[in-house]
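These protein sequence lines map, in sequence, to chains A and B.
Numbering-wise, my numbering puts 211 at position 211 of the first sequence, and it's gapless, one number per residue.
In my numbering, each number is its position in the second sequence, counted from 1, plus 1000.
Some hints here could point you the wrong way.
Only pairs whose alpha carbons sit at most 35 Å apart, straight line, appear in this in silico DSBU-like list of lysine-lysine [stated by the list, open to error]:
| no. | chain 1 | residue 1 | chain 2 | residue 2 |
| --- | --- | --- | --- | --- |
| 1 | A | K256 | A | K271 |
| 2 | B | K1271 | B | K1256 |
| 3 | A | K225 | A | K271 |
| 4 | B | K1256 | A | K49 |
| 5 | A | K49 | B | K1271 |
| 6 | B | K1049 | A | K256 |
| 7 | A | K225 | A | K256 |
| 8 | B | K1225 | B | K1256 |
| 9 | B | K1049 | A | K225 |
| 10 | B | K1271 | B | K1225 |
| 11 | B | K1271 | A | K271 |
Read the hints as simulated data drawn from the structure, not as lab findings.
The model shown is predicted, which means the values in this text are computed figures rather than measured ones.
Protein chains: 2
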Amino acid sequence: MTEKTQVHPPASEALKPGDSYVQSFARGLSVIRAFSAEAPRQTLSEVAKRCELTRAGARRILLTLETLGYVACDGRQFSLTPKILDLGFAYLSAQPLWQFAEPVMQALASELGESVSAAVLEGSDIVYVLRMPNRKIMSVNLGVGSRLPAWCTSMGRVLLADLDAEALTAQLAQLDAQRLPRHTMRTVASTAELSQRIAQVREQGWCLVNQELEEGLVSLAAPIKDRGGRTLAALNIGAQVNRTPPEAMLETCLPKLLDAARQISRLVQIKG
Amino acid sequence: MTEKTQVHPPASEALKPGDSYVQSFARGLSVIRAFSAEAPRQTLSEVAKRCELTRAGARRILLTLETLGYVACDGRQFSLTPKILDLGFAYLSAQPLWQFAEPVMQALASELGESVSAAVLEGSDIVYVLRMPNRKIMSVNLGVGSRLPAWCTSMGRVLLADLDAEALTAQLAQLDAQRLPRHTMRTVASTAELSQRIAQVREQGWCLVNQELEEGLVSLAAPIKDRGGRTLAALNIGAQVNRTPPEAMLETCLPKLLDAARQISRLVQIKG
């Protein structure tokens, strides 16, 4: 497609799968995502191989990213620049929700001395969007943008509980097909049992997960809701079981968590 | 350019400014950045207008983003999805530095009860890459990815102090041309004075900024250095002047900050 056809598009605006716009943009984004902790710096050939692109194709994308300031090159190796953060930041700043949530979460984390996080559902994963770390409960990799499977996390179950019956059934069927991994002795053993627990979460309006994902990790989650009562995100407190056993979570943390979730929901409903 | 020529590129690999790859990719990224707190949800026409694209061009990009899962559409309005965070996360996870820095910063924040941040230089701005918030000193907008002008922040001066003479001169000339805004009574008044302070930072290996950016905000920064002694990032403690005056910052916080910065530098130098 030439520059000219981009400016003067055909009468039909339908998106064709082979549209070069789709291709080049999708490839560009895949190059950004090719950089990771395992491969923070890569040569042109490495990027091409990792993204299944020709050298020429990879080179065009890398030079484009360099021109735009998203990639730096030290001669032979390419790496991402901090400007890349602007793209994720666009998301965060685009959602008034997170601006309302942050001070409330900060106050909660400092009052309880526990880590407080918020996440949304993305397919069958939860994605961390905000996180107030406290002490050293969570691993380094649970920063903003990191993912965990929804089914065995407290935030995930809160989010799954708000799915339409059809969407939830599809997720459970998918889990059934892959068989539930047993992360600990306590991990829920079947999708039938999981389904019951999700129904209970829907009923009671919060979720406690006791060491189903990792030994020693207890977590409690509640939904942040929009005006129509749909769940926008989940709010969570994570704690170490030896310091804060499940009973203490329910007694001390639950009322405060529900309160914080209600506070954020109200702000979103009024001003969002 | 057709799909075919992308797979079989011309012999010359040179990037031409009019290359459609550059254009479509750059436009795609500009659409992502068009979403903000002021415009979290936008119609096709609004996106087109904001990005100076034709409706057809904007539509193609939005549909591409939707196909890739980065954008959702509720019928009429488009918004970013949390998958967008993967792009910024690619940067964070691509830098071993941040994985080493996080636990050290967390320990420092919890020991001092002050907020601890890390930033890198991006042109004349600092960009926040990690942040351990504590209490309510920092405004909501100082999250990961947010920017501040380097010249009037402690992290900025630490980062500027490591620039080559030529690059620093260029930055100062640019500041001279735009005249330094006086954020508070204490903001440095001239680039000559700024240049002296930066030289002092280079000499002493840390920087204290006392309410030059905002009344009441005192901050202290130190460099994280690579094997060759070059500054990779700056580490910072931000405090409220009434609670932690500059003298207390120097007495209590400075040794701990320098220690944390050295610890992270050593980890990066050994394992990074």
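Tested hints:
1. A/K256 - A/K271: At roughly 22 Å apart (the allowed maximum being 35 Å), A/K271 and A/K256 satisfy the hint.
2. B/K1271 - B/K1256: Holds, because 22 Å separates the two Cα atoms, which is no more than 35 Å.
3. A/K225 - A/K271: holds (13 Å)
4. B/K1256 - A/K49: violated (44 Å)
5. A/K49 - B/K1271: It holds: about 26 Å lies between the C-alpha atoms, which stays within 35 Å.
6. B/K1049 - A/K256: Violated, at roughly 44 Å.
7. A/K225 - A/K256: holds (16 Å)
8. B/K1225 - B/K1256: Holds, because 16 Å separates the two Cα atoms, which is no more than 35 Å.
9. B/K1049 - A/K225: holds (32 Å)
10. B/K1271 - B/K1225: Within the cut-off at roughly 13 Å; holds.
11. B/K1271 - A/K271: With Cα atoms ~47 Å apart, B/K1271 and A/K271 exceed 35 Å; violated.
Of the numbered hints given earlier, the model fails hints 4, 6 and 11; all others are met.
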